[in-house]
Amino acid sequence: MATATLNGISKIYDNGFQAVNELNLDLEDGEFLVLVGPSGCGKSTALRMIAGLEEISSGELRVGDRLVNDLAPKDRDVAMVFQNYALYPQMTVGQNIGFPLKLRGIGKADREKQVRHAAGILELMEQLDKKPGQLSGGQRQRVAMGRAIVRQPSLFLMDEPLSNLDAKLRVQMRADIASIQKDLGVTTFYVTHDQVEAMTMGHRVAVIKDGVLQQVAAPEALYARPENVFVAAFIGSPSMNLCEGMLLRNEHGFQLQLGDQHLGVPDSVFDNRSVLAERLEEPLVVGFRPEHLEDAALIPQHPEDRRFETTVAVREALGAETLIHFALSAPPVNSGDPDALDELGGGKTSRCTARFGAATRARVGERIQVALDTEHLHFFDPKTHLVI
Amino acid sequence: MKSKANIGGAHPLFYPVLVAACLAVLTPVLWMVSTSLKNKTELFSDPPLLWPESPSLAAYRSVFTDYPFADYFTNSLIVVLTATAISLVFSTLAGYGLSRFKFSGRGAFLAFLLLSQMFPSVMLVIPYFKIMKTAGLLDSRLGLIVTYISFTIPFCTWMMYGYFKSIPRSLDEAASIDGCGPARTFFEVILPLALPGMVATAVYAFITGWNEYLFALILTNSESQKTLPVGIGQLIGQYKVEWNELMAASIYSTIPLMLFFLFLQRYLISSLTAGAVKD
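Chains as they are written, first to last, in the working numbering: chain A, 180 to 567; chain B, 2 to 280.
A hint or two may mislead.
What the hints assert, rightly or not - Below, computed lysine to any residue pairings styled on SDA-like, alpha-carbon distance capped at 25 Å: (1) A/K562 / A/V454; (2) B/K103 / A/Q262; (3) A/K562 / A/G515; (4) A/K309 / B/L194; (5) A/K292 / A/S333; (6) A/K253 / B/P193; (7) A/K309 / B/L196; (8) B/K103 / A/G312; (9) A/K310 / B/T209; (10) B/K131 / B/K103; (11) B/K166 / A/K361; (12) A/K310 / B/R185; (13) B/K103 / A/E234; (14) A/K281 / B/L196; (15) A/K361 / A/G299; (16) B/K103 / A/G195; (17) A/K310 / B/L115.
To be verified - To be clear about the criterion: a stretch of chain B counts as covered by chain A if any three or more of its residues have a C-beta under 8 Å from a C-beta of chain A, and this derived list gives those stretches: (18) 179-193; (19) 212-220.
Claimed, not checked - Derived contacts from chain A toward chain B, CB cut-off under 10 Å, selection only: (20) R245; (21) D249; (22) K562; (23) L565.
These are computed hints drawn from the structure, not numbers from a lab.
Using N, Cα and C, we set each Cβ at its ideal position, and we do this for glycine too.
Extracted from the complex, chain A is given alone in its bound form (with noise of 0.2 Å):
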């Protein structure tokens, strides 16, 4: 168990492209820190470097108070779990456990309590004496953890550790490396572009785009207030809606213009946000969650000035609630997330999702009033993206 400093870490390959640049993070002691982005944005890279798989071109990189930038992966007392867990198909899953021990010179009977010991905290008893390939996918998961948790590391690297398992078992297995997590209390660097498992795992969240951190924060914190238009998009299910708009004054008091609506915005939105007051008439970029959209029918106490009507083009009834997908004539914001999809619409509109209470009544096709609730409005920087 140790702390983990990454100084000014920067990865460039020798074709000059530079997959991490400048990467500063502290990992406390027993702290849960994931690391999420977008495929191709440097994640995997990072956590490479630190496990010693890959050089580091540039920077310092702590464990504990020893700087290992130069030290062998062995060398360096991490433990790492694989995306493909590249487990040893020739040896059982004992041997596989034990493996780690045996380099250390432990012997044989401490090596099987210890190989025990891990596969019971994993529910592995039963395979000890099996090979890889007899096992299914999520045993072989746990089998890559164990391997990695008999070792007693002063920090656990994980590269995906769950996205070759189905949607089910994903969802347990996130608990339980969690909760294993939790009482091992080793220091943990987990690595995914799946922003889910960032949000429900980790205790600290940093979000990386092109080889930049972006933010790093508390998982509560990232979603309410994120500091630039790329965290806004990415974190979040389905994610917030951004276009472009503008605020103004009338004699009604402060209006937000989104295309050709105007809705009514409380002086609550310029509490700690003292420098939006003086950015009224210019254009901004606004964000909204889903889950601040709401069917007006279902809400008539909401204000008649927080309200716009839309055609619904897309109705996704997932029992609990209802997402609805509509287009708003305001200019789209490309957030930057490669893998989110091109908007449509030749750049007037932008595609934009609601979460309905499930007794919304909203078809396809039909006009519909949206209570937006003004109150939770996100104001980025249209040219710097950053927060307001």
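Please build the complex by placing chain B on the supplied structure of chain A, with the hints as guidance.
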């Protein structure tokens, strides 16, 4: 599981085609056995006999009594087994290095290995003869061993390179994180998984050497250094051919090949890496 089910409900032509293919392969073998058991008159009887009326093992004895067949046999075994072992060791090490480490000139080196296989061997006989003469290795088993490994190592290296590339790199990485140095990673984790590839490579090297005729003929001279193919070839004389002895000798020469296969075929399975990584 799937393949078993497939055989159970095979295509109606599956077995007829298999039987026809087996007949095509086995008929010459049957003819070889039958000829080797014939006596001198039966050899040339008209019409030819499919099976001799009085099968005799005389030819099997005479190849050892009338010719130094035991020497040929020993020479072949020593030369080919040594060449196979040396090829296997070097091509395994080279294949692993080429598949796992990046260094300048790697691509060019691989291309060069392949290029060396493109020369027709007839073109190389004279240069090899001169080299062996200079080195004092003419008419020796060592000369043949050196010659054979110079042919087999490049191709075997390619075979092993391809096989190592099919073993996931994340196993090397997992081993290095678990505490293995490069040597231990290779010997304890990767090498056991490369066994099927090594067997296929060994079989290739063995067959190549065992059947080699041209260089053995040119580079050896005395009876005590000749190998089996050369010895068998000598049974075809200028005025007569001892067909029964020729066939008996040929059958003797296939026995080591068969044993080699029988012994190694159980390692020729492709599923050693099953369960290592998620496909």
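Hints breached by this structure: Hint check: 8, 9, 10, 11, 17, 19, 20, 21, 22 and 23 fail, others pass.
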